[in-house]
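Undergrad: All residue numbers for the sequence shown refer to my numbering, where the first residue is 2 and numbers rise by one.
No lab work stands behind these hints: they were computed from the structure. Hints are not guaranteed to be accurate.
[Unchecked claim] With a cut-off of at most 16 Å between alpha-carbon atoms, the simulated EDC-like pairs for lysine to aspartate or glutamate come out as follows:
#: 1; residue 1: Lys-976; residue 2: Glu-37
#: 2; residue 1: Lys-187; residue 2: Asp-815
#: 3; residue 1: Lys-187; residue 2: Asp-169
#: 4; residue 1: Lys-976; residue 2: Glu-175
#: 5; residue 1: Lys-976; residue 2: Asp-70
#: 6; residue 1: Lys-103; residue 2: Asp-73
[Stated by the list, open to error] Here are the in silico distance ranges between beta carbons for each label pair:
#: 7; residue 1: Val-619; residue 2: Arg-413; range: 17 to 23 Å
#: 8; residue 1: Arg-89; residue 2: Gly-558; range: 36 to 42 Å
#: 9; residue 1: Ala-188; residue 2: Thr-244; range: 32 to 38 Å
#: 10; residue 1: Arg-562; residue 2: Arg-89; range: 55 to 61 Å
#: 11; residue 1: Gly-780; residue 2: Glu-744; range: 18 to 24 Å
#: 12; residue 1: Pro-347; residue 2: Ala-640; range: 37 to 43 Å
#: 13; residue 1: Pro-236; residue 2: Thr-524; range: 53 to 59 Å
#: 14; residue 1: Ala-195; residue 2: Glu-963; range: 40 to 46 Å
#: 15; residue 1: Gly-558; residue 2: Ala-581; range: 45 to 51 Å
#: 16; residue 1: Gly-108; residue 2: Leu-410; range: 16 to 22 Å
#: 17; residue 1: Arg-89; residue 2: Val-984; range: 51 to 57 Å
We put the CB at the ideal spot given by N, CA and C, even for glycine.
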Amino acid sequence: MRPHRLRLQAFGPFPGEVEVDLDALAANGLFLLHGETGSGKTTLLDGIGFALYGRVPGARGKTGRLRSDHADPAVRTEVELEVTLGGRRWRITRSPAQERPKARGTGTTTEQARIHLQELRDGAWTSVSTRIDEAAAELDPLLGMSADQFFQVVLLPQGEFAQFLRADSARRGELLQRLFATERFKAVEEWLVARRTSTSAAVTQARQELAVLTGRLAQVAEEPAPEQPAPQWGPERLGSARTALADARAALVLATEERDVLRAQAEQAARVHALQERRAAALARRAGVDRARPLHEALEVELKAAARAAELESVLDDAARREQAAAGARAAEATARALLLPVGLPAHAEPTALRDAADGARRRGGLLDGLRGVADALLEERRQQAAATSEAQQQQASLAVLDARVAALPERRAAAGRAVDAARRAVEALPDTEARAASLTRACAEGRGLRDSLARAERLREEHVVAREALVSRREEEQALREARLVSMVAELADRLEDGAPCEVCGSTTHPDPYLGDGDSVTREDEDRARRAAEAAAREVAEVGARSAAEAAVIAGHRERLTATGHDGLDLAALVEQEAAVRSALSAVRTAAAGLSAATSALDAVEQEGARWTAEHVRLTTAREAAERRASEAAARAAAAAARLRTELGGAPDLDAAVAAASARASACDAVLQALAEAERASAEAVRAAATALHAADAAGFDDVRSARAALRSAAWRNQAQSQLRAGDDERAAVEAALADPELQDLPVVPADVGAATDRLRQADLRVRAVAGAEAAAGERARQLEELVPRLVRAQAELVPVEQAAAQVRRLADLCSGGGGNALRMTLTSFVLAARLEEVAAVASARLLRMTQGRYSLVHTDGAVKGGARSGLGLLARDGWTGQDRDTSTLSGGETFLASLALALGLADVVQAEAGGTRIEALFVDEGFGTLDEDTLDEAMDVLDGLREGGRVVGLVSHVAELRARIPAQVHVRKTRRGSDVVLTGC
2 MRPHRLRLQA FGPFPGEVEV DLDALAANGL FLLHGETGSG KTTLLDGIGF ALYGRVPGAR
62 GKTGRLRSDH ADPAVRTEVE LEVTLGGRRW RITRSPAQER PKARGTGTTT EQARIHLQEL
122 RDGAWTSVST RIDEAAAELD PLLGMSADQF FQVVLLPQGE FAQFLRADSA RRGELLQRLF
182 ATERFKAVEE WLVARRTSTS AAVTQARQEL AVLTGRLAQV AEEPAPEQPA PQWGPERLGS
242 ARTALADARA ALVLATEERD VLRAQAEQAA RVHALQERRA AALARRAGVD RARPLHEALE
302 VELKAAARAA ELESVLDDAA RREQAAAGAR AAEATARALL LPVGLPAHAE PTALRDAADG
362 ARRRGGLLDG LRGVADALLE ERRQQAAATS EAQQQQASLA VLDARVAALP ERRAAAGRAV
422 DAARRAVEAL PDTEARAASL TRACAEGRGL RDSLARAERL REEHVVAREA LVSRREEEQA
482 LREARLVSMV AELADRLEDG APCEVCGSTT HPDPYLGDGD SVTREDEDRA RRAAEAAARE
542 VAEVGARSAA EAAVIAGHRE RLTATGHDGL DLAALVEQEA AVRSALSAVR TAAAGLSAAT
602 SALDAVEQEG ARWTAEHVRL TTAREAAERR ASEAAARAAA AAARLRTELG GAPDLDAAVA
662 AASARASACD AVLQALAEAE RASAEAVRAA ATALHAADAA GFDDVRSARA ALRSAAWRNQ
722 AQSQLRAGDD ERAAVEAALA DPELQDLPVV PADVGAATDR LRQADLRVRA VAGAEAAAGE
782 RARQLEELVP RLVRAQAELV PVEQAAAQVR RLADLCSGGG GNALRMTLTS FVLAARLEEV
842 AAVASARLLR MTQGRYSLVH TDGAVKGGAR SGLGLLARDG WTGQDRDTST LSGGETFLAS
902 LALALGLADV VQAEAGGTRI EALFVDEGFG TLDEDTLDEA MDVLDGLREG GRVVGLVSHV
962 AELRARIPAQ VHVRKTRRGS DVVLTGC
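Sequences are here, hints too, so could you generate the full structure?
TA: What follows is the structure in structure tokens.
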């Protein structure tokens with residue numbers, strides 16, 4: 002990684018644009034970055050980290066305040082860095098999320114973080130990506146280290162390394178874990194802890210299962226459960242249960258035989274008892290039949306009288322009907338006479354008077370019918386008067402409507418004129434609207450194409466990530482096989498050793514302890530297969546990267562064409578919305594333009610309607626006056642006809658009422674005459690029927706008609722009575738037959754004692770049930786023990802290996818966690834970090850010895866720590882002049898600076914190697930030189946100057962004035978009230 006040029010805009014304390022040419026500064030060797038406190042020296046280094054990783058180190062990155070408070074609101078905050086990564090020249094332009102003024106209206110809007118990644122290809126900058134995730138996918142493999150590693154090994158924070166130098170093992174381990182990939186060792190620790198927990202849980206579960214089985218077996222055997230059951234405890238319980246089951250089965254056979262004898266005795270007693278009860282019930286039924294005999298004989302007498310009366314029923318019914326008809330006829334006569342009073346006749350009028358009154362009423366009706374012509378003429382005249390009046394009113398209403406239309410004519414004429422003007426304006430606006438719609442259509446098409454290309458690019462990025470992960474996995478497998486191959490080669494050399502023959506490696510003829518290997522041999526073919534798999538994965542990464550680059554070119558083409566439409570500032574949803582709005586407006590304009598001819602015709606139609614309505618007004622006025630004259634003439638004729646009718650009708654309200662009154666008088670008289678004749682006829686028939694009924698009753702043996710009618714019964718009653726008599730006869734016969742049954746003869750007089758026999762049987766049955774329950778319980782106990790004892794024996798056997806495996810895992814987990822027999826109390830991760838720290842101390846000591854004239858070096862120690870704390874990451878300063886090891890906290894300020902600088906440089910070298918050998922061609926050292934004397938400063942400068950070998954860019958951040966005299970290439974950061982700026986000198 003080599004930076005070439007850095008440009009900041011509205012970033013940190015810099016309100017405007019500042020640019021630093023790092024190539025020009027590096028051409029003179031070291032360069033110095035100086036300025037007042039708070040001027041922004043470190044901000045320039047933050048800009049490099051932000052361009053590469055999108056964040057800045059330390060507490061400054063947690064605040065999220067990267068934008069300059071001095072900057073103009075319209076100026077965007079961004080960082081641009083030109084850098085070489087992996088032999089390729091890149092330009093990274095990155096902006097954080099920030100507030101900017103709204104394009105329309107007042108206030109601000111949030112602008113999301115953005116990036117533009119470009120690559121120099123064939124002398125021209127080519128856009129690679131504008132997506133943050135895509136850019137990270139391109140840059141991360143080339144950088145080869147995380148942001149935290151970069152901030153430690155490229156931007157050397159001296160204060161933090163001084164703290165690291167003096168820190169305890171725990172705090173020192175935190176930094177080392179951020180810089181070195183120890184996750185797999187931490188995962189091993191966690192796996193062992195989890196395995197320890199799972200095996201311990203398995204032991205607990207196995208013991209619990211054994212305890213549960215022991216408790217269940219003891220419960221079944223009905224004895225206390227032992228804490229640690231002996232191997233023979235279960236089988237002994239099973240043998241006892243089998244013996245108890247055999248005894249219970251023998252007792253059950255004896256009890257069952259006794260119960261069978263008692264059951265036969267109880268059944269015989271129950272049979273005799275049932276026959277005795279049958280005989281007693283038959284005797285009781287015969288006594289009941291004897292008590293019902295008087296009622297039975299009375300029912301026979303009543304049934305015979307009902308049979309005689311049934312033969313007279315038709316005669317009796319005819320006499321009753323005729324008497325009822327005579328009464329109805331007399332009531333109808335009274336009702337008809339009640340209608341005489343309303344028509345002016347007395348209710349007791351004689352038949353002769355009624356006939357005369359009916360004839361007079363009919364003659365009056367004939368005279369009134371002759372006046373129908375006069376009444377019809379009156380109605381016709383009144384109809385004509387109403388029709389003429391209605392016609393005059395309709396003409397007047399039409400005139401009112403016409404007057405309203407004429408009054409609205411000026412406004413209609415003006416509206417038609419406005420419609421013509423609007424249509425003409427639409428015709429003029431049509432071309433511009435069509436052009437805007439076409440432009441937005443093209444923009445939407447490019448936007449959709451851009452969206453689809455971005456989606457494909459995202460899928461390619463995911464494929465690239467998967468391919469890179471597969472490449473890393475294949476390379477790890479290749480490395481593992483290579484290492485295993487080396488081990489196999491050692492085993493192969495050991496296999497070829499022969500006593501007395503020289504060793505191919507050391508030449509010795511004695512071989513006391515040859516390496517035997519682990520049994521797994523790795524051949525060159527295995528190694529070659531792993532290498533080919535890694536190469537195939539690398540080709541897959543390259544192929545996906547090429548497809549991603551091609552898709553990026555397509556995206557750039559879409560964006561250029563979208564910019565050409567002038568709508569590149571909008572997203573696809575906004576473009577679609579605007580296109581729909583313009584299309585809607587275009588449709589409205591076209592509709593309005595197409596309506597020009599119709600609007601002109603509408604204006605002409607309004608003028609023509611005005612002329613028609615004036616002529617119609619004259620016609621309606623003439624028609625209304627004619628209708629009013631016709632109505633007046635018809636009213637006069639109707640008055641004359643009405644006067645004649647009043648004279649002829651007398652007091653009647655109208656002709657229909659007079660005719661109805663005459664008809665009602667005649668009808669009332671006719672009704673009374675008819676009802677009178679019907680009453681006389683019905684009375685004569687009733688007298689004749691009563692005489693016939695009396696003669697028939699006497700002949701049937703009844704005293705009178707009333708006695709015969711009282712003896713009448715319904716057919717259902719007679720049928721029920723006959724059934725009841727037959728049932729009584731049948732009951733007597735059944736009782737006698739039951740008493741004659743041979744089984745009921747010669748029965749003992751004393752009742753059979755069924756209860757005593759049943760009690761003896763019940764007691765025997767209870768004894769059988771008790772013995773059967775005991776036999777079932779013994780059988781269930783034996784069955785359960787047959788099941789539980791083998792399981793108990795198996796659980797006892799399985800517990801031993803589980804406890805042994807758990808003990809082994811527990812010892813290993815405690816050892817890797819720093820406990821148990823781990824005398825150093827070092828975890829596995831700390832042990833790995835201790836190896837890395839030992840390597841860092843060795844690399845740092847080479848530079849520290851030079852800077853301290855051979856006096857100091859750094860030594861890693863894994864000695865125990867006071868208080869029993871975790872150890873393994875200790876550092877000591879070895880004084881070469883005294884030969885003593887000193888605690889790093891006893892070093893002076895200048896010595897501490899030199900030691901921390903050497904430690905930082907050594908850590909950078911080791912991390913760089915750990916990151917796969919990624920070449921870091923830039924280094925920035927921040928502060929600390931003010932604590933050094935002149936000679937020591939010379940040594941430190943020589944060491945730093947030596948870091949420039951191979952073209953590395955080395956920058957120092959310091960306030961020390963002497964450095965400004967020593968280093969000609971300088972970046973001076975100046976602080977003012979309006980913000981900071983940058984001045985480059987000596988380059």
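Undergrad: Now tell me if each hint is right for this structure.
TA: Verification of the hints:
1. Lys-976 <-> Glu-37: Satisfied, since the Cα-Cα distance of roughly 7 Å is no more than 16 Å.
2. Lys-187 <-> Asp-815: Cα-Cα ~14 Å, so holds.
3. Lys-187 <-> Asp-169: violated, 20 Å
4. Lys-976 <-> Glu-175: Violated, at about 36 Å.
5. Lys-976 <-> Asp-70: Judged against 16 Å, a Cα distance of about 14 Å means the pair holds.
6. Lys-103 <-> Asp-73: holds, 14 Å
7. Val-619 <-> Arg-413: 17 to 23 Å: holds, 22 Å
8. Arg-89 <-> Gly-558: 36 to 42 Å: Violated, since Arg-89 and Gly-558 (Cβ atoms, about 22 Å apart) do not stay within the stated range.
9. Ala-188 <-> Thr-244: 32 to 38 Å: Check failed, 60 Å falls outside 32 to 38 Å.
10. Arg-562 <-> Arg-89: 55 to 61 Å: violated, 28 Å
11. Gly-780 <-> Glu-744: 18 to 24 Å: violated, 47 Å
12. Pro-347 <-> Ala-640: 37 to 43 Å: Given range 37 to 43 Å: holds, Cβ gap about 42 Å.
13. Pro-236 <-> Thr-524: 53 to 59 Å: holds, 55 Å
14. Ala-195 <-> Glu-963: 40 to 46 Å: violated, 58 Å
15. Gly-558 <-> Ala-581: 45 to 51 Å: Distance hint for Gly-558, Ala-581 is violated at roughly 26 Å.
16. Gly-108 <-> Leu-410: 16 to 22 Å: This hint is violated: roughly 53 Å between Cβ atoms.
17. Arg-89 <-> Val-984: 51 to 57 Å: The hinted range 51 to 57 Å is violated for Arg-89 and Val-984, with Cβ atoms some 32 Å apart.
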